[in-house]
Amino acid sequence: MPGPVRLGDVVAALGGELCGGPADAAERPITRLAPIESADDASLSFLSNPRLVAQLAGSAAACVIVAPALRDQAVARGASIVTPDPYLYFARLTQWWAARARAVPVAGVHPSAVVEPGARIAASASVGPFSFIGAGATVAAGAVIGPHGHVGAGATVGEATRLAARVTLGEACVIGARGILHPGAVIGADGFGFAPSQGTWVKIEQLGAVRIGDDVEIGANTCIDRGALGDTVIEDGVKLDNLIQVGHNVRIGAHSAMAGCVGIAGSARIGRHCTAGGAAMILGHLELADHVHISAATVVTRSILKPGQYSGFFPVDDNATWEKNAATLRQLHSLRDRLRALEKKLP
Amino acid sequence: MPGPVRLGDVVAALGGELCGGPADAAERPITRLAPIESADDASLSFLSNPRLVAQLAGSAAACVIVAPALRDQAVARGASIVTPDPYLYFARLTQWWAARARAVPVAGVHPSAVVEPGARIAASASVGPFSFIGAGATVAAGAVIGPHGHVGAGATVGEATRLAARVTLGEACVIGARGILHPGAVIGADGFGFAPSQGTWVKIEQLGAVRIGDDVEIGANTCIDRGALGDTVIEDGVKLDNLIQVGHNVRIGAHSAMAGCVGIAGSARIGRHCTAGGAAMILGHLELADHVHISAATVVTRSILKPGQYSGFFPVDDNATWEKNAATLRQLHSLRDRLRALEKKLP
Amino acid sequence: MPGPVRLGDVVAALGGELCGGPADAAERPITRLAPIESADDASLSFLSNPRLVAQLAGSAAACVIVAPALRDQAVARGASIVTPDPYLYFARLTQWWAARARAVPVAGVHPSAVVEPGARIAASASVGPFSFIGAGATVAAGAVIGPHGHVGAGATVGEATRLAARVTLGEACVIGARGILHPGAVIGADGFGFAPSQGTWVKIEQLGAVRIGDDVEIGANTCIDRGALGDTVIEDGVKLDNLIQVGHNVRIGAHSAMAGCVGIAGSARIGRHCTAGGAAMILGHLELADHVHISAATVVTRSILKPGQYSGFFPVDDNATWEKNAATLRQLHSLRDRLRALEKKLP
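Protein chains in written order, with the working numbering: chain L, 2 to 348; chain E, 2 to 348; chain Z, 2 to 348.
Don't take every hint at face value.
Identical copies carry no separate label here, and so any pair may be met within one copy or between two of them.
Here are the simulated lysine-lysine pairs, BS3-like style, with alpha carbons at most 30 Å apart [said to hold, decoys possible]:
no.: 1; residue 1: Lys345; residue 2: Lys204
no.: 2; residue 1: Lys307; residue 2: Lys204
no.: 3; residue 1: Lys325; residue 2: Lys307
no.: 4; residue 1: Lys325; residue 2: Lys346
no.: 5; residue 1: Lys345; residue 2: Lys325
no.: 6; residue 1: Lys345; residue 2: Lys307
no.: 7; residue 1: Lys307; residue 2: Lys346
If you're looking for bench data, these hints aren't it; they were derived computationally from the structure.
From a predicted model like this one, the values you see are computed outputs, not experimental measurements.
Bound-form chain L, shown alone (with noise of 0.2 Å):
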């Protein structure tokens, strides 16, 4: 790790108002960032939510990064950064923090890896040891791409693209600029088709690819599976958290975020600024409009064209009363048919 920042530094860096505090607080050494709640007097901290002010006054931080609202409450503590939106703030910081500490890509193709007849990789791109890129693939400036990774055959890596290690790009698939893929997603595995006959399943090839747009995040061993026929489309600035499964011919439009465990089957399209929390199920040929939001272990069985939030899930309760109420719930629509006799008895 590199030696502490000084508070001044940082402003200088990223803006925002340094106020209150010790006449020398922009020397004040920083050396890492930390919650409100454990930040002790080397620690940048920051408070966003309006429902954690009662820590602010009690936190040890050197620092307190806040909204305007609360300046004379942080000043009153000690040195603290007045800016409009603390928690974009405090993500901007993480990213500086990020780019001193962490260790730059080496540029160039690792001696270990194997690169196919007719791929194009930049001169500027990093290529990590067992590294597989096939024929006709292109691995566009600055992009990176870790150990055990896979960039199949004619594929295409977007400028500045970080694979982590051991990604799965299949073949003919294409991921824009800026993105970041983890640890075990594939992309690009077959969709799930099959035609019966007499009893068995005789397969689909499935001959489409994925194309993903720019500023596209992919957690770990997240799976999307390229198109029967047509791609598979993952707009700009999706953001998908681990263990997540996009089936084939799915669209998910621009700035949706799905967090972990959520399952999308085949040919649903959703739409921009939509979220799913974790485990959520999206079913198959359906739409969702933008700016829905599904909660989590929702399951979704049928097109939601309004905005707005969407649940389902049975609510947690210890296990006797859970046990009474679902029994019961397996007789719900005989019990509605004996509440309407009896409203007929009494009208």
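Mind docking chains E and Z on chain L? Use the hints.
The following block gives chains E and Z in isolation, referenced to the frame of chain L:
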């Protein structure tokens, strides 16, 4: 991609009756297979879903594959291939198309591969870069081990079976002929077995293996654990999608198919010709008869011995409505009691 | 496989009292461990579930491991090993059996491995083919890194810990002693953190790591994300099955165990000795006390501070019945209101 094909070539290879369209329809060049709604005049398309018949008349496709019942309507539009089962014909067409378009893996062992003593690799098999073939393993004729493949000691890969990039077939595990394993699949990790002892867990070593039949396809990042004492068994013709978990000692009957994110807990016995929708969860030590179909996201907690469709998940709703219903659900049993009380007052 | 063992060897190694059977029972050759219902006369079996006692008399096993309470019944059948906890004895027996049967990894670094400068690898450790050991990483005595292993820069693998094939241990992550990581596990991918900004997502770089204690087992393709600022922590003795997602900043207390497909969202704190059934989903920023047990497929949306079993999933039913009940469920709140109205009419 290879050049276009003639419609006459398609029929010569796959059968069916070419009828309708211009006199030289058989000479018509086809450059792609396409869905009926997006087909252009160089596309070969198909119509198998009777609900989509309305799309037939307006399709720009060079030719549409249809069933005999639609012959007149199809011929009125233009060139058509008439065949008893258009979807099955289409599946075979994709296979024929892919065989034309795709590079054939080169037979032989890539110089970067590591092959341990006693491994037997057929001369016609292909072993890709950075693959590891363990001691005493067998790779049969025409089999393909993709880049970063792992065939453990004593494992067997059957004839013409293809391991895509980065597949793990563990020690002593067996897969039959004509199988396909997609990237990241893990066959033969340890089953999850521990004996509790004074608040800690003592590992039960998993001494069995995984035995997979012929014509099995296994999706990306899907895991099939080895048996504890006996073997985990996947019978012929089973199709598993991505990110599926199959626990130790499970048996899946022939020609069953499971969609993505399904979980099957240890020692469950699944019959033949069963299906499970995405994220269905089948608990351990239970049995599903042949021809049992489980809907997506359904939790199977008991054996099901009668063929049919089974379901169980909370229906999705707008969040406010769901919240009200979910909260009430936690009182359902007492609602039933109150209903009973009313019924007694009003006999 | 090695040759048979004598029953006397088993008892000499693992204890227990050998009784019943022929005079030369200790000389009896055992060639396999088997479940009681499929054991043959060369099998050693065990009986720990009292509900299965009926299987004892008819078992063909050479010897059955039983608790003292079953001594008389067992001896009446034949050779028996009597021990206070047969299941624990069986677990230890599998370990002893596996140690006899399995090849010991060869100490040393495979010539194909890439080891970056400053990595420290103990002389007794084994580093497999195509493994990558990053700068400054540590691989302790007796540790095993399987083929295609990835130990990131500055990461630490504790004594006798085994990484199976194709495990990723990210930069600066730590695992203690005697751990087992199964193929495809990804330790230390970025947590899922973004600040929203004008309809796009700005990445929060994940600056923490993952710290894993001693005696931890992690399943195939399971993912544990690195912390955002602090570390994600897995305490001693935790057992995680396959395809589990653990979000950033999570803490899992010692000796907790999770079945396959479980998801734990960011910053959740799980106590000690907890369990979760398959596909349970624990939302973020909440707390589970020690000894909390979550049933399969249950969504935990609030902290649970009292030990016990908790559940919440829709019970499975035949599809037609489920459809009726699920449809009615969407009106449950209004049914309650109607019931109240009736109650008012009939006080």
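Going through the hints against the structure:
1. In this assembly of identical chains, the alpha carbons of Lys345 and Lys204 never lie at most 30 Å apart, being 56 Å within a copy and 60 Å across copies at closest.
2. For the homomeric pair Lys307 and Lys204, the shortest alpha-carbon distance between copies (28 Å) is at most 30 Å, but the shortest distance inside one copy (37 Å) is not.
3. With identical chains, the CA atoms of Lys325 and Lys307 are at most 30 Å apart between copies only, with a shortest distance of 20 Å across copies and 35 Å within one.
4. In this assembly of identical chains, Lys325 and Lys346 lie within 30 Å of each other by CA distance both inside one copy and across copies; the values are 28 Å within and 24 Å between.
5. Taking the closest pair of Cα atoms, Lys345 and Lys325 come within 30 Å of each other both inside a single copy (28 Å) and across two copies (21 Å).
6. For a Cα distance limit of 30 Å, the shortest separation of Lys345 from Lys307 qualifies neither inside one copy, at 37 Å, nor across copies, at 38 Å.
7. Taking the closest pair of Cα atoms, Lys307 and Lys346 never come within 30 Å of each other, the shortest separation being 40 Å inside a single copy and 39 Å across copies.
Hint check: violations occur at hints 1, 6, 7; the rest are consistent with the structure.
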